Amino acid sequence: MAKIRLRKIVPDALVLAAKKGAYRLYNFTDKFFTGPFDVYDFQTTKVINKVLNRNSNYIDIGAHKGHILRELIKAAPDGKGYAFEPIPPLFEKIKKQYGKKVVMYNLALSDAKGEAEFSYVVDRPAISGLKERTVQGEDYHTKQIKVTIEMLDDIIPSDLRIDLIKIDVEGAELGVLKGGINTIKRCKPYILFEFGLGSADLYNTTPEMMFDLFDECGLSVSTLDHFLKGRAPFDRNEFIGQYNKAYNYFFIAYDVKRES
1 MAKIRLRKIV
11 PDALVLAAKK
21 GAYRLYNFTD
31 KFFTGPFDVY
41 DFQTTKVINK
51 VLNRNSNYID
61 IGAHKGHILR
71 ELIKAAPDGK
81 GYAFEPIPPL
91 FEKIKKQYGK
101 KVVMYNLALS
111 DAKGEAEFSY
121 VVDRPAISGL
131 KERTVQGEDY
141 HTKQIKVTIE
151 MLDDIIPSDL
161 RIDLIKIDVE
171 GAELGVLKGG
181 INTIKRCKPY
191 ILFEFGLGSA
201 DLYNTTPEMM
211 FDLFDECGLS
221 VSTLDHFLKG
231 RAPFDRNEFI
241 GQYNKAYNYF
251 FIAYDVKRES
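Position one of the sequence shown corresponds to residue 1 (the working numbering), numbered consecutively onward.
Careful: at least some of the hints might be erroneous.
[Said to hold, decoys possible] Under the rule of at most 25 Å between Cα atoms (straight-line distance), these lysine to any residue pairs were calculated in the SDA-like manner:
id	residue 1	residue 2
1	LYS143	ASP163
2	LYS100	ASN55
3	LYS146	GLU208
4	LYS96	VAL135
5	LYS113	LYS178
6	LYS229	THR205
By construction, these hints were calculated from the structure, which means they are not laboratory data.
Computed from a predicted model, the values in this text were never measured in an experiment.
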């Protein structure tokens, strides 16, 4: 069944309401509700509720329209939250909604500071990024904007424990991780991250690079589904296979010792 492109025909508020209803059904049946929703949305919410408590501290990198940020705030209302979104219209929208609850930055993150051209896909912001992406059979209105780039380690206080980081930056994940390597090694947070063909390869990032960086930080990698079911994380070859065969594009990195 082809997925309905709700983003083009109904307001965002209605999409969010529909997602809430579908999530309740998913939670009840523990199966994916076949429809215009991504199973990762539901699994991400379940992971957030599983690993965070009221006082947890978290980071949302690529906050987009704030749907995941909203779940983070709900799960950890007394914690410290940080949100990063480089696209000005999206940033202003989520700042109005959540600016009093989290620290917000209108910038991109990578492993070096500076300024860069950013490809803003106006009618589909979710595929915007530092590298321009093309989607076969689709024609979108894209414009180039200037964005500030910072390193996560320069922003997060060195004495603040971070419990969870969510990264959705359309292929630029490795740069974000390298720019926050000290924070990651120090805190060993749960890291929810997108990583797939058609985006990561634009940055010449390989699954070997990603796996080895997490291994260096003492973190293992798995799918959200395997993590939620208590299954063992992937070894290096399994993760490479997941990427090359496009079995999954959203993963979790975590400290296995914490789950023991």
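To see whether the hints hold, each was checked on the structure:
no., hint, result
1, LYS143 - ASP163, "violated (35 Å)"
2, LYS100 - ASN55, "holds (17 Å)"
3, LYS146 - GLU208, "violated (31 Å)"
4, LYS96 - VAL135, "violated (31 Å)"
5, LYS113 - LYS178, "holds (12 Å)"
6, LYS229 - THR205, "violated (29 Å)"
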